[in-house]
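Protein chains in written order, with the numbering used here: chain A, 1 to 696; chain B, 697 to 1513.
Each hint should be verified, as a subset may be incorrect.
[To be verified] Think about it this way: if two alpha-carbon atoms lie no more than 25 Å apart in a straight line, the pair counts; the simulated SDA-like pairs of lysine to any residue are:
#, chain 1, residue 1, chain 2, residue 2
1, B, K852, B, L822
2, B, K909, A, P42
3, B, K1097, B, E1048
4, B, K909, A, H328
5, B, K820, B, V838
6, A, K162, A, Q396
7, B, K852, A, S389
8, B, K909, A, R374
9, B, K969, B, N982
10, B, K1047, B, T1006
11, A, K372, B, D863
12, A, K332, B, T910
13, A, K332, B, E905
[What the hints assert, rightly or not] Across the chosen pairs, the derived CB separations fall in these ranges:
#, chain 1, residue 1, chain 2, residue 2, range
14, A, T305, B, R884, 33 to 43 Å
15, B, P831, A, R665, 36 to 46 Å
16, B, T818, A, M170, 36 to 46 Å
17, A, T425, B, P831, 27 to 37 Å
18, B, G904, A, R550, 47 to 57 Å
19, B, A881, A, Y28, 39 to 49 Å
20, A, Y28, B, G904, 30 to 40 Å
21, A, V180, B, R760, 55 to 65 Å
22, B, G721, A, N355, 34 to 44 Å
23, B, H861, A, T305, 32 to 42 Å
24, B, R760, A, E169, 44 to 54 Å
25, A, E95, B, T974, 33 to 43 Å
[As the list claims (entries may be wrong)] Residues from chain A shown here face chain B by an in silico Cβ test under 10 Å; the list is partial:
#, residue
26, R357
27, I370
28, I381
In short, the hints are calculated from the structure, not lab data. Since the structure is predicted, the reported quantities are computational estimates derived from the model, not experimental observations. For each residue, glycine too, the CB sits at the ideal point set by N, CA and C.
Residues per chain, in single letters:
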Amino acid sequence: MGLSAKDSLQLREALQTAVVKCSERCLYQSAKWAAELLDALPEPDLDTPMAEDVAEPAVHPAFAPNPDPAEAALEARELSRYLLARSFFDCKEFERCAAVFLPEPLLASLLGTDPADVAPPKAKGKAKAGAVPAVSSDDRLPELSQKSLFLALYAKIIAGEKHKDEEAEMIMGPHDSGAVVNKQLVVVSRFLARWFAKRKADDADYPPTQGFLEYLYGMVLAKEKNDNLALEYLMQSVHLFPWNWGAWQEMTNLISRVEQLNKIAPHLPQNIMSFIFHANAAVNLYQQGPDQAASVNDLLSIFPTSSFLLTCKALLCYHSKDLFAAEHEFNKVLALHPFRLDALDHYSNILYVLNRRPKLAFLAHLCSNIDKFRPESCVVIGNYYSLLSLHEKAVQYFRRALILDRSCLSAWTLMGHEYVELKNTHAAIESYRRAVDVNRRDYRAWYGLGQTYEVLEMHAYALWYYKKAAGLRPWDAKMWQAVGSCLQKMGRDRDGIKALKRALLADSYYDTATAAAAAAPPSSFAGGGGDRTAQMDPEVLLQIATMYDRLGELDEAKAYMELCLAQEEGINAAADDSAGRAAGGGLGESVAVHDSPGSDAEAEAADPATREGTGVTFATSKARMWLARYAIQTRDYATANRLAMELCQDGVEVEEAKALMRQARSGLAELGSAPGGGASSSVAGEDLHHRRQSRG
Amino acid sequence: MLRYLSPSKIALLAIIEFYIEGALGNDAMIPIIDFLTAHLLDSSVGSSLAAPADQWRRAESAIRLAASIHRFEEVLAAFPAVDRLPGRNLWDRLLEKLWAIDSLHALHDFFDELPSRCLAKTKKELREMAERGEPPPPPQGVRLTVNSPFGSFVRKAHLEFAKLHFDHVAELWKAFVRYRQPTAAYWRRRNPNHGRLSFDAVLEVGQGEWGSKTNDVAVAAYGRMLLADDQDPAPPVSVDDVESLLEFQIEQVQRYGTRVPQNVRNQFRQLIKNCRVTPNLSHYLNFTDSWRSGEFPSSFDDLHRYFDYTMQSRDRLFYQYALLNLGIVQSDFGCHKEAVATMLEAIATAKENRDTACLNFALNWFFQLSLAHPHLVHSLEDSSMLGSGRELLAFLRTKAKETGMWILWSSALLSEAKLALLKGDSISTAVESMVRCYHVIAEKNVKSMIGPHHALSIELWDRLGIAAMSAITNEVFLRCHARTSVYDDRLRLTCRVAGALASRGRYDEAFARLEAIDPDALRSARAEQYWRLCRALVKLRRDLHRNDLDSADALLAQLLQHGPEDVEPGIVLLVHLLHVEALARRGDFAAALAKVDDLLSAAGSRTTHASPPEKPSGTAASATTTPTGATTDTHALVRLLLVKVQLLSATGSPERGFTLAMRAASLAWRARLLALLWQSCGALAGVLNSLGEFAAAERLLVAALPRCLEAEAVHDAGLLFSHLADARVGLVGAMRRDGYGRKGSEVGVMLAKAHAALDRAMECFAAMEDAGKQCEMLAKKAALYRAEGDMVRAEQCAERYLAVWQEEVGVVGRGGG
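With the hints as constraints, model all of the structure from the sequences given.
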């Protein structure tokens, strides 16, 4: 998606305006975001814009006065007070800033009393502080420019947040219930409600607003958990002023399902911001797929060096379990913006899973050197300590991250993982719970909760949480597998089988998806075509088989057992199994509990090898044993003998295998020569083949 | 700055690993282990016998080790690494090891695996392993036991590393990279793969991916450190390093009373210049430094600063120590009154806080002060609860014994002995105390008290007039004990030796002794002052004897500035006596007499028959008389009396000195001031001579002379001989008068004896280079010859007289004839 020179120029101008407007309102994060994006826009060719620059008047639109004359007049009148308020805000004196335009008594009079109250004491307009009694309730709002009003109310909210943080108890201390609320929300929300009501009441003669107050109201509503109304206001806001990234971000946080995203998509303004929003929201919802990758790549062609978009791309790779590509992307971001700490915590997760210890140490060092009091830095360091198995220290750093920012989602989840490692299940559950409270879309926290309850052998609970996690990530085999084994433990074998089959399906889904995502130009890591047959996890197959066995459906059981055995050889039956085994066994143990991507790693790290088959694993040996026993039961002594011999060769449960072998030989001797043995196994093979086709 | 770990400690750990891996050859073993222990163990252990200069060299080495890796090169490059190819030495081996730590993670690994690589399993661990059914580890070369010095260092390093926060680890890593970087060029020669970014493997690997952006990433991670113009990097030291260096310096300063040598101080300052954390002790070091350099305001300032920071540490109040230090400094700068007040408060505070150690120390100090400045303390004695001096001493002695404060105990015993000597008590009591003191010193190895003890015994021998013993004691101290004792003692006793030499007329030797003192030690202001004073005294005596009165006056003008605030009373007295002598030599007898009278009245004598005692004026004698005169030094009194007798006889009224001489003799006898007793005898004999009692005078002198020679007081012996000659000449006259003329032989014998006595006196004065007295003797000789009618010899004597006069004085003087 290329842009014409004119478009590019317009985009540049719009972004410049956005930066100025946002920073005028002290929306620093939005301003930063826009400025970053602006920076990522390649420099225009020197020839064409020169002429236009000359032609253009000296005033850049960013500094042009407000097009609305009434607003412009108000702004001009308030300029000195606005500057005062602005400098207070910059000095972090939020209450004072708010008081410049909305002194406390005024607010109290406006909002403290019930609207129906008969004795409204304060006035409006220029004589705000005067004692002129108000005529009607509608008229009592102070007459301020929208910019000043926004600044004042925004300062109010920030002040409230600050107080909230100050009042909060020690992280996970005895009184830390997370129930402290921002007391200013009520005030601001009432004020805005009235303001909008007033505007609606005498609509007609007002020109469209600037969109910022809508954003503020949406934010407040979101904080009050009034999600639908919040979304509505935020949509209004982005329609009015699409360049405020904060509004888009609030919307991202409000949308918890893909369906919802798809539902609101048509109602959004059609511009590049909405495009970016869509891509980002999808990433946050763990979506992946070729169209996602394509949209991010399109955006990157416009903003080739945008750290935000590169991060999005990296996260996309991460969600689609292509860790190497994700690592590569993050590495690129790091090189382009070495002082940028945002999202490096995700990078550290990836490095953790890949077990790149020196690199993670380096990253932690870098973060700590740049700013050791940023939540991201603390999370990175915590991850590093976790990798060194220094769990107390890791907890200490996650805690620090939370002190710095209580809404730091990954810190809560990771702290939960650490507590699991430390066998402190209560604390683990609490921190997972807090993570979920912060953001209900964090499947890792749900999964962690499930795991913890499973450890405590409370399977019904665990199942509930696993289901939540699986709902968030329907194409993650790990989730379904967890659901399945949970069901199995509860004795609901039928459901368990269903869940596990779903897990098998999900595996194959990801494989194709990854391949598609990786088709994007620069990733040299993820090779491989999309057409290969799915590799299945022998563990899952074994589990399914044992459940069938328990249900007494021996045919099914046998089929799955054989399928499990077949994984050993894989498709190409190469001899590269030792690598696969090492990767699978070495990582799985320590990582699996820590982080659900850990299991991804297992799959991922083993990926190049598993393509050639898993080799002999514990699960396949089990299957083989089962099959041998089954063969003896069905008097197929030749097969039994062969399987037992293989077992002996593999060196797993040799004694038992030898006993089986003896039994089989004696059986063989009994039968004399048994011509049916080979045939039966070939029949089984055919059967298996048939089954696979029917499923596939 | 980290608490314990520093890059140099990492390198030390690496060297310990060589030891374990067997990289040390046989000849390297001892030097390397010696090097390691010198830096790992407490530096004061086992090194106290080394000379102070050596000790400072160790401190210097420690500083250089902390500051730069090249110190290791000096030590290691000489030895081959036996487990590598020939041609590789231990320095290469160290670099190999250090450069193998190529990332922050590698540093973590290095410390994590430290115990498993270096330490042997303890019995408990072995037992636990056996319980778990694991086989015991195979024996693999050297392993450190857990409690060995190296083992405990390894464990401590491991533990300290585990305690570090991440940012501190990162700091250590950066410091380590910087510490190691100077060796990069050398290492690249040995190892061609080494690249510009090899200090961090992650960067080197990432270079492939990051390309030209690698530098940006590196700068983000390492900050300004990588840029060339990083002016003030944090020094690669830990708080532990700095503290141990500080403690070492303070210990040295306190033990030897010297200042930190210039180069050590500069290096140390350089090292801690950029430390963000300066330990509080450094203020104390500053304080001692400015105290020793005699910088009054800044020493007070630093002292206050130090105690402001440390007053409340470790739940204990240190106010009394602050007061104690303050009092000492005040008295050191001559503010005795303030010092007394401070010390009293310190005593009260220490009592309140039940700090026995501090209390005892303060009391002891207070007692010493009261000895030196009785007038300050006297008014307090009635009102305070301290009691009189003796009670205080008894209290101190028992307390010190109870609490095991050996220094205090021995010093209390010494004080008792000193008090006894001062008051002219029985010598045996004093000796008893001294012996007991020495017993304590020997038994408890209280080396620091040896100096005072020897000083006191020297004084004792001097008083008893046994010069040989005092000289030997002096030499014993200087040769055997000097290096372990406080520098002040050494200086004092050296000055004493010089003084003794000067009193025998061996001025050049005396100067040589004084000049031989280590100039570095004289950087302490007080020490230098004292040293200059001693030199001036020797020179003054020589000038006086050579009749170089102008130079003597110039010196006296300076010396008389010293009051009892800053020097010992003995020296003040000496200066005054020399002043009197100078006045007498100028012939200003009236002024000399007046001054002696002043001094005498100040010393509390009532027996002078001069004008009633006037109030002493100004600085010359600020000591007011005490009603009982109990603490007045008898020694000083006797000397003053003797000087007065001399003056009286010189002014031609020797008979007026009779009572004075008698009194001096009896005082000296009672106090066993034997050296002075013989002088008193001489004075008495002079009076007797003037009264015509020649026989009595001769008998007295003949009895006193041998003892006086024993005391090696050459000048006094000369005087005695001259008196003897006078007496004998008088006897000759008496014989002739009494008609002994017939027996010419007896007269001739007596005359010869008189000549002999004159010759001996002549020798003595010649030894003292005392021109005036020499001339006097020659004149007497010439007169005798003339009386005998031997004009030739008389002429010879007159010629010698003129020769001596010309030679010694070189100016046309107002000679006496």
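Hint-by-hint comparison with the structure:
1. K852/B / L822/B: At roughly 21 Å apart (the allowed maximum being 25 Å), L822/B and K852/B satisfy the hint.
2. K909/B / P42/A: 18 Å, holds
3. K1097/B / E1048/B: 21 Å, holds
4. K909/B / H328/A: Holds, at about 14 Å.
5. K820/B / V838/B: Holds, because 19 Å separates the two Cα atoms, which is no more than 25 Å.
6. K162/A / Q396/A: 23 Å, holds
7. K852/B / S389/A: 21 Å, holds
8. K909/B / R374/A: 24 Å, holds
9. K969/B / N982/B: 14 Å, holds
10. K1047/B / T1006/B: The given pair, whose Cα atoms are some 20 Å apart, holds under the 25 Å limit.
11. K372/A / D863/B: The given pair, whose Cα atoms are some 7 Å apart, holds under the 25 Å limit.
12. K332/A / T910/B: 11 Å, holds
13. K332/A / E905/B: 8 Å, holds
14. T305/A / R884/B: 33 to 43 Å: Hint holds: Cβ distance 35 Å, inside 33 to 43 Å.
15. P831/B / R665/A: 36 to 46 Å: 38 Å, holds
16. T818/B / M170/A: 36 to 46 Å: 39 Å, holds
17. T425/A / P831/B: 27 to 37 Å: 36 Å, holds
18. G904/B / R550/A: 47 to 57 Å: 53 Å, holds
19. A881/B / Y28/A: 39 to 49 Å: 47 Å, holds
20. Y28/A / G904/B: 30 to 40 Å: 37 Å, holds
21. V180/A / R760/B: 55 to 65 Å: For R760/B against V180/A, whose Cβ atoms are near 56 Å apart, the range 55 to 65 Å holds.
22. G721/B / N355/A: 34 to 44 Å: 40 Å, holds
23. H861/B / T305/A: 32 to 42 Å: Between H861/B and T305/A, where Cβ atoms are some 35 Å apart, the hint holds.
24. R760/B / E169/A: 44 to 54 Å: 52 Å, holds
25. E95/A / T974/B: 33 to 43 Å: For E95/A and T974/B the Cβ distance comes to about 40 Å; the hint holds.
26. R357: Nearest chain B Cβ about 5 Å off; hint holds.
27. I370: 6 Å, holds
28. I381: 4 Å, holds
Consistency note: the structure conflicts with none of the earlier hints.
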